[in-house]
Structures are given as C-alpha cells and as structure tokens.
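S.K.: Quick note: the sequence shown uses the working numbering, first residue 1, plus one each step.
Think of the hints as simulated: they come from the structure by calculation, not from any bench.
One should not assume that every hint holds.
Using 25 Å as the maximum straight-line C-alpha spacing, the simulated PhoX-like pairs for lysine-lysine come out as follows [claimed, not checked]: (1) K52 x K113; (2) K835 x K853; (3) K608 x K566; (4) K127 x K26; (5) K127 x K608; (6) K373 x K308; (7) K905 x K879; (8) K373 x K608; (9) K714 x K733; (10) K230 x K247; (11) K438 x K566; (12) K99 x K835; (13) K371 x K332; (14) K835 x K107; (15) K99 x K113; (16) K332 x K305; (17) K454 x K308; (18) K428 x K566; (19) K377 x K428; (20) K377 x K446; (21) K879 x K853; (22) K835 x K866; (23) K308 x K52; (24) K247 x K52; (25) K113 x K26; (26) K449 x K438; (27) K714 x K737; (28) K733 x K682; (29) K52 x K26; (30) K866 x K853; (31) K332 x K377.
Computed Cβ-Cβ distance ranges for the label pairs, DEER-style [said to hold, decoys possible]: (32) R447 x Y822: 41 to 49 Å; (33) S873 x D119: 47 to 55 Å; (34) R309 x S398: 34 to 42 Å; (35) M876 x S167: 28 to 36 Å; (36) D859 x Q85: 37 to 45 Å; (37) F832 x S225: 38 to 46 Å.
Backbone N, C-alpha and C define an ideal beta-carbon position, used for all residues, glycine too.
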Amino acid sequence: MTCSRLYILVIAVTAAMLLSGCSTRKNTAANRNYQAFITRYNIYYNGDEHYKSTLEAMERDYADDYSRLLPLHPADARRDPMSPQPSGDFTRSIEKAQKAIELRSIKRRPARKPGRSNDPAYREWLKREEYNPFLHNAWMMLGRSQYASGDFTGAAATFRYIARHFSWLPETVTEAKLWQARCYSVLGWEFEAESLLQGITTDDLKSQQLEELYDIACATRFLASGNPEKAIPYIEKAVTKASRWQKHRLYYLLGQLYSRAGDISAAYNAFGKSTSSATTNRARINARVRQSEVYTSDDITREVKALKRMTRFDSNSDYRGLLYYAIGNLYKSRGDTAQAVTNYRLSLESQPEGNTDKGFTLLSLGDIYFKRKEYVKAQPCYAEAVALLPTAYPGYDSISRLSDILDRLAVYINNINHNDSTLNLADKPEEERTAIIKAYISQLKKRDKEQAEKARREEYFADRQNGDATASSTDGAAAPTSFSLNNDDSWYFYNNAVRNAGRTEFQRRWGARRLEDDWRRRDKSSSTLGVTSTDETDYNDDDVTQSDDERNVTSENPYDVEYYMKQLPLTAEAQRRANDIIQDGLYNAALILKDDLHDYSSAARYWKRLLSRYPDNPYCIDAYYNMYMMYRRNGDMTQAERYRSLLLDRFPESRYATALRNPDGLERMRDMARREEELYGKAYSAYIGNRNEEVHEALRTMKRDYPLSNLMPKFMFIDALSYVTENDADRFKNTLKEIVDRYPDADVTPVASAYLAGLNQGRHILSGAENPRGIVWRQALTADSIAGSADTPAEFELNPDTPQLFILAYPVDEVEANQLLYNVARHNFSSFVIKDFDLECLNFGNIGLLIVKGFANFDELAHYRKVLDDDTSFTMPPKVTPVMISVDDFNALLRDGRSIDDYFKYVNERAADEPVTVPVPDNDENDNEQ
C-alpha cells in the first residue's frame with residue numbers, strides 16, 4: 001500500500017514538473033508538441049465543431065430570394081442588406097480561435113544549437129514568427145468564422161496576416177490567399193481580388209480542397225464584378241464537390257447564368273438538376289417554375305399539364321399561385337394573352353396579401369394590360385406590384401416611374417368615365433334610374449360577399465404562415481418578402497417599401513385621388529353605377545361633383561337606392577361641375593399619353609373628343625398647339641398644318657400664334673431642343689466659373705425666347721444658387737419659391753423645397769467667393785430633419801483617457817465616399833497587422849462621416865493619426881476634415897443635435913485655458929467645408 005501511494009506521488013510530481021515546463025515562454029520540442037496538443041483538442045476542436053454545425057445550418061435553412069441572382073453562398077448575402085439575411089452566430093468559433101492564439105502562441109525563438117548556424121534550413125526555421133505547429137489552424141478558423149459572420153474586412157485582414165506570417169506552410173498560404181480573394185470580391189475590390197488570383201498557379205493547388213476553393217473564389221469574383229456569365233465554368237466544377245445543401249443553390253444559379261448567356265437548353269437542364277437536388281418543397285417549386293420559363297418547344301401542352309398536375313397536391317397548396325404564374329408565363333410567351341390573363345388571375349386568387357411572388361404576377365398582368373392600352377386596368381396592377389417587389393429587382397426604378405405615370409393618368413380617365421356615367425344616368429327617367437341602381441346594388445352585394453370570403457381565406461393563409469414561421473419545419477425557412485414594417489428610425493417617406501404599401505392601401509380604399517385640398521369632399525366610396533360609357537369601362541372609385549346641399553346624403557348605406565340618388569348631378573350647377581371635370585380629364589389625360597407614354601393615337605383620340613364635345617373649352621389653344629407638335633413630331637404634316645391653321649384662325653394674338661406665324665418661328669421651334677441645351681451648357685459653365693451675370697442673362701433669354709421649355713426649372717435653379725455668392729437671400733428665396741409653385745413636378749423641385757424649408761427654420765446660407773456646388777449648412781448631427789442646435793451653450797468633456805474616435809468629415813456631393821472608405825481600410829490592413837479597427841459610415845444632410853473605432857484613449861488615437869500622416873500611399877482628400885473626438889463627446893453631439901462646428905468652437909474657447917487635445921482647423925476653412 002505504501003509503495004502504491006509512493007508510485008502515485010512520483011507520477012503526480014513528474015506530471016507537475018512537465019506541465020510547469022510546458023509554458024509558451026519556453027520553446028522546446030516537448031513544449032511545442034504539448035502546446036499543439038492542447039490547442040487542437042482543448043480549444044480548437046470545440047470551435048471547429050461549432051463552425052461546421054453552424055455553417056451547415058446556415059446552408060440548410062437559408063431562404064433564397066429566387067427573384068434575384070442567387071449568391072454563391074448564403075454568407076455572401078450579408079454584404080447586401082436588400083437580400084434575405086442568413087442565420088448563424090459564429091461568435092463561439094471566433095472566441096475559441098482568439099483564445100487559442102492568445103494563450104497558446106509560441107513567439108520565443110528556441111535556443112540555438114551549436115554547429116548548425118550554417119544550415120540554411122535551420123536558419124530559416126529560426127526566422128519563423130510562430131512555433132506552435134498547430135496554431136495556423138486556429139488562425140484559419142478565425143478568418144472563416146469572420147467571413148461567415150459577414151465581417152469581410154476583418155476576415156480579409158486575418159487571411160492577409162496568415163499569408164504573410166506563415167510562409168513556411170505553402171498550402172496554408174494558398175488557402176489564405178484564396179479566402180482573401182473571396183473577401184475582396186464580396187467587398188467589391190475587384191483589382192485586389194484579380195491580382196491575388198492571378199498570382200496563384202496550378203502548381204499551388206496541391207489538393208482537391210484547394211482546387212474547389214479556387215473555383216469558388218474565381219466564381220465569386222466574376223459574380224461580384226458585373227460579369228456573372230464568366231463564372232459558369234468555375235461553378236460547373238464547384239457544384240460537383242458541393243454539399244447537399246449547396247447543390248440545389250449552385251444548380252439554380254447555373255440555370256440563371258445560362259439563361260442570361262442565352263444557352264436556354266443548358267438552363268433548362270440546370271434548373272431540372274436543381275429541382276431534383278432540392279431539399280425543401282419551396283426550393284423544388286421555384287426551380288420547376290424557372291425551368292418552365294426556359295421551355296423552348298412550341299407545343300406547351302405537356303408542360304402546362306405537368307404544372308397543373310402539381311397544383312392538385314396538398315403539399316403544394318402554398319405554392320399554387322406560383323404554379324399558375326408559371327402557366328401564365330408559358331401562355332404569354334406564346335402570344336396567348338387571354339389564357340395568360342386567366343392564369344394570372346388564378347395566381348392572384350391563390351396568393352395571400354404581401355407575398356413577393358404576387359408582385360411578379362401583378363407586374364406580368366399589368367404588362368399585358370399596358371400593351372393593350374388598357375391603362376385603367378394596368379394602373380392598380382403596377383401600383384400594387386411596386387409595393388411588393390424588392391427595390392433591387394431589375395428595372396425597379398423604371399417600373400416605379402411607370403406606376404407613377406399610370407397613377408396620374410388613371411385619375412383623369414376615372415374622372416371622365418365616372419362623370420360621364422353619372423351625367424348619362426341623370427338624364428334617364430327616374431324609373432329607369434332606380435332600376436339601374438338596384439341592379440348595381442345587387443352586383444355590389446355579390447362583390448362584397450366575395451371580397452369577405454377572400455379576406456377570410458387570406459386571414460387563414462396568414463395564420464398558417466405565422467404558425468409555420470414559429471414551428472420547426474422540414475420545409476426550410478419561410479419565403480422572404482419585400483414588405484417590411486418601418487422598424488428603423490427613418491421617416492415614413494424614406495422607406496420605399498412602407499411608402500408604396502401605404503399608397504396601395506390608400507388607393508384600394510379611396511381610389512386614385514389627385515393631391516389637392518379637401519380631397520375627401522367628393523364621395524368616392526362607391527364604384528361607378530352600371531352605365532356603359534363610350535370609353536374604358538373598368539371603373540374604380542371616382543369623382544362625383546355635387547353642391548354642398550347634395551353632399552348632405554340622408555342615407556349612408558351603400559345598399560340603399562337613396563344613397564346613390566343623392567350623388568347624381570341633377571341640378572344645372574352640378575352638371576356644369578361634372579362637365580368641367582370631364583374637360584379637365586380629357587385634356588390632361590391626353591397630355592400624359594403624349595408626353596409620358598408617347599401614345600400619340602390615344603392622345604389624339606382624347607383631344608379630338610374634347611374639341612368635338614366642348615368646342616369652347618378653356619384648353620382649346622393648348623390642345624391645338626399640342627396636336628400640332630405631336631403630328632409634326634410624328635411626321636404627319638397634313639394634320640400638323642390643319643391644327644396650325646386652326647390655332648392661327650381662332651387665337652391670332654396668342655404667344656403660340658406669334659411663334660408659328662413668324663418666318664423663323666417654325667425653325668426656332670424645331671431647333672428649340674438643341675438651342676436650349678446649348679444655352680443651359682453655357683449657363684452652367686458660367687455658374688461653375690462664377691460669372692453670375694451670364695447666368696442671369698441666360699435665364700432672361702430663355703424666358704423671352706423659349707418660355708415653354710422643359711429646362712426652365714434648371715435655369716431658374718442655378719440662377720437661384722448664383723444669388724448665394726452675391727449674398728442676396730431675398731432673390732435666392734423668391735426664385736426657389738417660383739420653382740416650387742410653377743414646376744411642382746420638376747426634378748429640382750424637391751431640392752428647392754428642402755432649401756426653402758431650411759430657410760423657414762431659420763438657417764442661414766453660407767456665401768463665399770465661389771458659387772456653391774450645393775448649399776452648405778451648419779448641419780446638426782441628428783436624425784431629426786427639423787431639429788436644430790440646442791439653445792444652451794455647448795459643453796464637452798475633452799477627456800483623453802476615455803475611448804476615442806477618429807472621424808473624417810466631408811461634403812457628400814464633393815467627396816467619393818466609397819473611395820475614401822477603401823483607402824482608409826487599405827491603410828489599416830497594411831499598417832496595423834493585428835489591431836482591428838471598425839469602420840462606420842454616417843450621413844447627416846450634406847455631411848458624410850467616416851468613423852474609425854477601436855481607440856482606448858487619446859494616446860492610441862494620436863499614434864494612429866501619426867501613422868496615417870506618415871503613410872505615403874494615403875492622401876487625404878482636400879475636402880476631408882479629420883476630427884479627433886471622444887466617444888462620449890460624439891454621443892453628446894448626436895444627443896443634443898449639435899454640429900461639428902459647435903465642437904470646434906468649444907475646443908477653441910478651452911484652448912486659452914487648457915491644453916488642446918484635438919486639432920482645430922481654421923474657422924474659415926471649417927465653415928466652408930462643414
């Protein structure tokens with residue numbers, strides 16, 4: 001027993017001696033092997049297992065947005081805030097890697113062995129910067145985890161460190177460079193990514209893992225560089241080695257790329273493989289739908305039958321709308337628009353409100369109506385589609401502009417149809433009127449019943465979708481939707497999705513109303529009564545004009561005949577108002593058709609109807625002039641001369657007649673576009689050159705020669721800005737007000753309105769020796785668009801011992817923010833190998849801020865500033881002002897709505913009594929730049 005205890009004691013003492021000798025401050029063979037063993041099994045193993053499981057869950061559960069080009073990997077979507085964001089928290093893996101590096105790194109060189117100083121291999125071994133033979137794996141895990149977390153700049157810095165400091169491990173260096181190239185590609189640094197990949201040869205790819213990583217890195221580069229089709233050969237090789245969760249994604253991406261490249265047959269096969277490799281029903285249905293879109297045979301019967309068969313399965317009930325959409329696309333591509341419309345309507349009935357896929361169906365249906373020139377039917381389709389489609393959808397801006405045009409057009413067409421119908425109904429005998437109204441009420445009751453049933457069905461879908469979202473399902477994550485609540489601090493009108501959804505809901509309840517005072521005074525709650533008009537008859541909620549007495553409807557029940565009787569224009573005054581609305585609608589609808597949609601035949605139809613029905617209408621002269629210009633532009637000189645003669649005969653003293661009667665009037669009008677562009681070019685050059693009198697003269701010339709020019713608001717805008725330099729605030733304000741009043745739809749009007757708002761809030765313009773490229777305010781750093789600086793004097797701590805920030809402030813219209821961000825990030829990577837700085841960009845009005853974070857005190861900040869100043873590869877742009885400020889003082893700026901100018905003034909006041917720890921720029925320079 002005594003010998004046994006003694007044996008145990010000896011082993012314990014020996015183990016203690018060995019452990020005490022295995023310190024990272026000693027570099028022996030035993031110590032290196034011990035540290036590698038502990039690193040691998042006590043720290044790295046747990047972090048690596050967590051990384052693998054989290055990555056697999058990310059690839060399995062990520063809900064791809066099939067309306068866009070898919071990312072190569074879900075982690076790449078973290079760079080794009082408009083894409084669905086993947087799940088997965090890699091913090092544990094990052095912490096494990098950092099722990100291994102911090103506790104198990106061996107930096108101390110080993111004791112030199114006598115007689116080996118001339119051995120080149122031994123000398124190289126002594127030059128190593130790390131002697132833990134396993135620690136490079138922890139570094140690689142750190143970089144991969146940072147990449148998967150979306151910290152691409154941090155990951156790039158980590159991989160760059162590995163490539164520079166583990167040169168004796170060529171395969172590790174190659175792997176690090178490939179990951180570094182992926183980081184650069186996702187960040188948009190194309191030149192750096194290309195340089196790294198060009199430096200890697202086939203001899204460097206010594207394993208299948210490196211070959212796969214090389215293919216992925218090259219594909220990532222081309223996908224991010226705007227040449228996605230060049231990624232095809234690399235994805236073709238990568239997909240054969242991909243995990244089961246990635247195969248479907250990569251095959252789908254291949255199908256998208258083949259389709260873009262015009263290889264329809266290859267696209268069909270790729271989508272087919274994506275369908276067969278899909279792991280969720282949602283993925284399978286979307287791949288099958290896209291496969292039908294590239295179906296090339298003229299006979300679509302077999303394909304339609306296959307898709308209709310899929311709609312019968314209960315497992316596909318959530319995707320019936322998508323399947324009917326695919327069927328509609330097949331019919332539409334073959335020119336059968338009737339069948340296409342039928343299936344699109346089935347698709348809409350099968351989809352709940354707020355679904356992104358519904359936006360695609362509405363867009364396709366609206367396109368059919370638009371090409372048929374059924375604009376009233378197309379308008380609600382586009383209006384609702386804009387609210388549902390993601391803003392990153394190709395052509396979204398054009399779709400949104402077209403929707404705005406159709407919104408305005410539908411107002412006038414609905415006004416025409418509605419008032420035509422009410423006038424027609426008012427002329428009928430009372431018995432016939434009553435019978436028509438009763439028939440309409442019967443239709444209304446039936447429609448309301450159908451809508452109530454539809455609402456209950458949509459509520460059911462919504463409840464089931466919410467249940468699926470909270471329960472674990474083998475079908476993967478719920479489909480992404482572009483509609484989002486206004487959960488951030490942005491103003492309602494700065495959130496496109498919320499604004500468009502609100503507009504759609506407004507139009508659903510009230511119809512397409514004009515922006516005017518007392519917009520609710522006319523009763524638009526009911527649709528037009530069932531009277532056929534001579535024009536488009538798809539009626540919505542429209543205008544009815546009555547006297548004030550007639551608006552006091554005794555019955556508010558839309559199922560009551562009296563409710564509609566009181567809305568009819570039965571008096572002479574009410575009929576006059578209805579006819580005025582029709583005249584206004586005919587003229588303005590034609591103007592929109594001519595100028596915005598370039599539908600000359602429809603525009604001519606409306607203007608001819610206006611002139612024949614109301615010969616003495618107040619728009620007659622403008623109608624003649626527009627008809628003349630339209631026919632002339634269209635090459636129909638006979639019709640153009642006809643309306644020119646009518647204008648000269650009926651309105652000989654008008655300014656139009658003067659221009660058309662002049663011998664050079666036609667030539668001047670024909671040359672107007674070229675001449676006004678030439679004048680604007682000269683005026684703008686004069687503005688840039690601070691020759692303000694030439695700017696004023698150019699405006700006077702335009703008002704005299706081309707008063708109807710579409711460029712008039714631009715001339716007036718630069719004319720107003722020139723008064724800033726002249727310090728003439730009254731003319732500046734008056735000119736801006738004239739722009740807002742006369743040209744409410746001009747592209748410069750929102751800017752002019754913003755400047756007027758600033759003046760009305762008591763802000764002052766900063767005049768200087770040169771014309772401003774924009775108005776530079778003493779901008780308060782606050783998200784509140786109307787907040788100003790506090791009334792109390794500014795006070796800051798100026799404490800050098802608290803965490804600090806390095807801020808680069810610049811005017812956003814004169815400094816390229818992305819280039820500045822890239823230059824600072826590159827400086828950080830090259831100058832600080834281990835230290836990691838966070839970069840954040842903020843905008844406050846015309847001021848942009850690039851914030852560098854990570855300084856514990858002012859000494860660290862001063863060192864960073866010195867290194868930055870000494871870096872010959874970094875050049876500070878002339879309009880950028882560096883600001884060294886503590887975190888607490890910066891938060892005070894934001895909290896109190898102060899400006900950077902307030903901070904500089906406070907520092908100047910303290911400079912006389914205390915040492916200044918923040919460099920203060922010259923006051924004049926600060927005023928101009930801030």
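S.K.: With reference to the structure, classify each hint as holding or not holding.
M.R.: Checked hints:
1. K52 x K113: Since the Cα atoms of K52 and K113 sit roughly 42 Å apart, the hinted pair is violated (cutoff 25 Å).
2. K835 x K853: Holds, at roughly 11 Å.
3. K608 x K566: The given pair, whose Cα atoms are some 32 Å apart, is violated under the 25 Å limit.
4. K127 x K26: Within the cut-off at roughly 16 Å; holds.
5. K127 x K608: Roughly 91 Å between the alpha carbons, so the hint for K127 and K608 is violated.
6. K373 x K308: It is violated: about 30 Å lies between the C-alpha atoms, which goes past 25 Å.
7. K905 x K879: holds (20 Å)
8. K373 x K608: holds (18 Å)
9. K714 x K733: Holds, at about 15 Å.
10. K230 x K247: holds (19 Å)
11. K438 x K566: holds (14 Å)
12. K99 x K835: holds (16 Å)
13. K371 x K332: With a Cα-Cα distance of about 12 Å, the restraint between K371 and K332 holds, given a limit of 25 Å.
14. K835 x K107: Holds - the C-alpha atoms of K107 and K835 are around 17 Å apart, at most 25 Å.
15. K99 x K113: Violated - the C-alpha atoms of K113 and K99 are around 32 Å apart, more than 25 Å.
16. K332 x K305: Holds, at roughly 16 Å.
17. K454 x K308: Roughly 22 Å separates the two Cα atoms, so the pair holds.
18. K428 x K566: Holds, at roughly 15 Å.
19. K377 x K428: violated (28 Å)
20. K377 x K446: The given pair, whose Cα atoms are some 21 Å apart, holds under the 25 Å limit.
21. K879 x K853: Holds, at roughly 21 Å.
22. K835 x K866: Holds: K835 and K866 sit about 16 Å apart, inside 25 Å.
23. K308 x K52: violated (40 Å)
24. K247 x K52: Distance ~17 Å between K247 and K52 Cα, so the pair holds.
25. K113 x K26: It holds: about 15 Å lies between the C-alpha atoms, which stays within 25 Å.
26. K449 x K438: holds (17 Å)
27. K714 x K737: The hint holds at about 14 Å.
28. K733 x K682: Holds, at about 24 Å.
29. K52 x K26: violated (33 Å)
30. K866 x K853: Roughly 16 Å between the alpha carbons, so the hint for K866 and K853 holds.
31. K332 x K377: holds (17 Å)
32. R447 x Y822: 41 to 49 Å: For R447 and Y822 the Cβ distance comes to about 58 Å; the hint is violated.
33. S873 x D119: 47 to 55 Å: violated (38 Å)
34. R309 x S398: 34 to 42 Å: Taking Cβ atoms as reference, R309 and S398 lie about 36 Å apart, which means the hint holds.
35. M876 x S167: 28 to 36 Å: Check passed, 34 Å falls within 28 to 36 Å.
36. D859 x Q85: 37 to 45 Å: Holds - the Cβ-Cβ distance for D859 and Q85, about 38 Å, lies within 37 to 45 Å.
37. F832 x S225: 38 to 46 Å: violated (28 Å)
When each numbered hint is compared with the structure, violations occur for hints 1, 3, 5, 6, 15, 19, 23, 29, 32, 33 and 37.
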